[in-house]
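What follows is the residue order along each chain.
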Amino acid sequence: MLSYTVNRLLLAVAIVLVAMLILFSMIHLVPGDAASIALGPRATPELVQEFRNRMGLDKPLPVQFAVFLGNALRGDLGNDLFTNTPVVAVILRELPHTFALASLGLGWSVLLGIPLGCFSAAFRNTWADRISGVMAVSAIAVPSFVVAIYLLLLFAVELRWFPALGAGPAGQPLTQLWYLVLPSFALGLGWVGYIARLVRASMLEVLADNHIRTARAFGLPERRILYVYALKLGILPTVTLLGTGMGRLLSGAVFIEIVFNRPGIGKLVLEAVNTRNYPIVLGAVLITTIIFVLCTLAADLLAAKLDPRVREKL
Amino acid sequence: MKSRIVSRRTVLVDMSRVAAAPSVFGALIMAPFNAAAQAPKVLKSRGAQAVSVLDPAGRLGAVDGDVMQAILPSLVKWKAGSRWEWEKDLATDIQQTDPTTIRFTLRRGAMWTGGFGEVTAEDVKYSFERIADPAFKSAYRTDWDSLERVELTGSHSGVIVLKRAFVPLWTTTLPMDSGLIVCKKAVEAMPEKKFTLDPGATCGPYRIKKLEPRRSITLERNPQWNGARPAYDEIEYIQIVDANAAEIAYQAGEVDYTQVPLSSVGRLRKTPPPKSKLLVTPSLAYWWVGMQSESGPFADIRVRRAVQHALDVDMILEGTFLGIAQRSTGLIASALVGHRKANKVGNKPDKARARTLLAEAGLGGGFRTTIGVRNSTEFLSAAQIAAASLAEVGIRAEIIPFDTGQQKALAGDKTGRWKEAGIHIGRFSMLPDPSWATAWFVSSQIGEWNWERFSNAEFDRLHDAAKSELNATRRQEMYERMQDIMEDSGSYVFLTHGASASLYRESVKPGLSPDGQLQKFADFAPV
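Quick mapping for you: the protein sequence lines, in order, are chains A and B.
Each residue of the first sequence is one higher than the one before, starting from 1 at the first, in the working numbering.
Each residue of the second sequence is one higher than the one before, starting from 1 at the first, in the working numbering.
Quick caveat, the hints were computed from the structure, so don't treat them as lab data.
Every residue gets a Cβ at the ideal spot worked out from N, C-alpha and C, and that includes glycine.
Do not rely on the hints blindly, as some may be mistaken.
A short, non-exhaustive set of chain A residues, derived as facing chain B with CB atoms under 7 Å [stated by the list, open to error]: (1) R42; (2) A43; (3) T83; (4) L152; (5) I258; (6) N261.
Keeping only pairs whose Cα atoms sit at most 25 Å apart, straight-line, the calculated DMTMM-like set for lysine to aspartate or glutamate is [said to hold, decoys possible]: (7) B:K194 x A:D76; (8) B:K163 x A:E46; (9) B:K125 x B:D198; (10) B:K414 x A:E50.
Please work from the sequences and hints to get the whole structure.
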């Protein structure tokens, strides 16, 4: 188990490095001089060149990459091109909002997806199963930003039950939680479908096992068999999926952040790409990649902890 | 039961209790109304971008200007309303005594926050000279390019001495963001003597109450301000980047004023939100179709003229702006000096003439080209309609969406990739002086913003001369001539100036610039 963990950590480092290399190449391949765009149309050529020199944009790309990595290892991700604020500070200000949004989105998907999956498994091959299947697939198919807009129009504009935009006043966690209800639901709805289908499939497999047959033979109530004996095993694949899900929701949060005008990493990166604010793009993607990799690793380790069969294979 | 002794004292006490009772009762009844009356009057307005830099020398966008105009003083400020005018701010007197001399006197008693004392002429000198100083490297140095120096004639008076006459000083420098005054003592104490979001000291009708970077900025009335008192106690300027999200936020009651996309105007006119007003104002910006004229088929003026005759501009405008934007006659809108009354090429497309010209140029069979446009709905719509117009005369145009950075990079490419450019549809924003329109089409802008690679010595000369031309009639003639030269070159088809649409509560009287782009918070008032 220890060697598995170490191997996975080393792999995580390699993944992050490769991701950063690809990203670094991509952002410099996009046409459009960062200095000209940053300084605007009234900048003189001398000003543009001085800006390029100051930001190190005049150096060869491999040198720029090496400098970036070296600084990143020291915790220095550079400064925002326009406001000169340290990138770390900017990211730390925005990241908790995206993290909260993704976590609550995942929470919705678990809260609704697991019962839906169990329900489908319990009433397999009936009309109830088919209807819940349609609901699950519909939830997967509808884009999150479409859900977001309709939720906004209905619950915030028409009914005024929820606020329309923003994250709520700082220092008021309960109010901020209220502001999270619609965006997190919009974000997590797609994963409700994924989790429901996955739970259904794995539950059906478990329900066919010998120990379940034995439990039934002992006359245990079906509900207890389903939710106590079967679900404990049936939920294991979902645990692994949650790690990937967290990463996917972190990156998918950008649409929700734009529609609901919420602060967050997604909106930050989008604006930074449009303005060629490279330090922000690099820093934010680096942090997000690390989180994604760690979430996946944590999910794998948790799965290994919960399932002895996985531990034995390791 | 103990009997009560009636005495003069007890009678007086009882009478006072009886007299007080209505007051107490009345106070209880009136309490909610009093609370409402005492509750601060707050205006929630939408900003399309984050407020990033509040230093006039380093500002990034219009939203920065909206806030700066509310918290920093200037000699004169632009006036909200339907005409481009200015009004005195801190200057009690300001006069141009000759083409290169402007004398000013400041109002006394205008205090900086933070204990930095009074605003003086020293602050004025510092603020203007720092932008003009090449060593300071401000991107707005051209606003003060003609500044020789600011002389102090007293603690509250001075003289702005120019190297040469400069007409935009009165239209876009002094009344706008480059004319804002910062506190010398506060800024000199800062590292690098520049700032982003903390000016160190402010002096204006409002001061900063709360700043949440990239989210919102809240301004509160400045009790030290000795100028006209603004109507709202607080302004909450909320960043909402997406225009559709802003419209939803307005409908949800979370902002009181927002700009809306032109595509929403038709719907909002048919079914307006309750207790709201929609204001559509003509913009100063200019849209045009340009042709890269140094290489490829458009190097031949006959081909460029063919495009001028082939394009159905009215159809482009109808399809793109849904009838909201009017056709333009040049770069300069009707609100400004230099506006042309008519285009030289007729308003109706002449396909036969276009085909004749192409045949004369040896391209009677047509040819392939590209139309480069910004990657947005309006531009793509305009490009599709333009392509359809051109196809009728045999010009087969492929539409290439870009972002602005890509287009500029292509235009300035040193390896010659600029030769790949054919036609493009452009839009530049504009300030209320005609020199800001022609500035991007001079020869020195080739490879920068002059994507047509248009070069004309007379145009360049007129552009430089018109900035110093104080005679309005002569200036008018100069700018008309410049636009004629542009159209005669065949490289340009002028489309429109577009429009701006604003949505606001009936209970709000907005303080906007004539083109609806800028907000003057001090001039917003409840109705």
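Checking each numbered hint in turn, tell me which of them this model violates, lowest number first. Those not satisfied: there are none.
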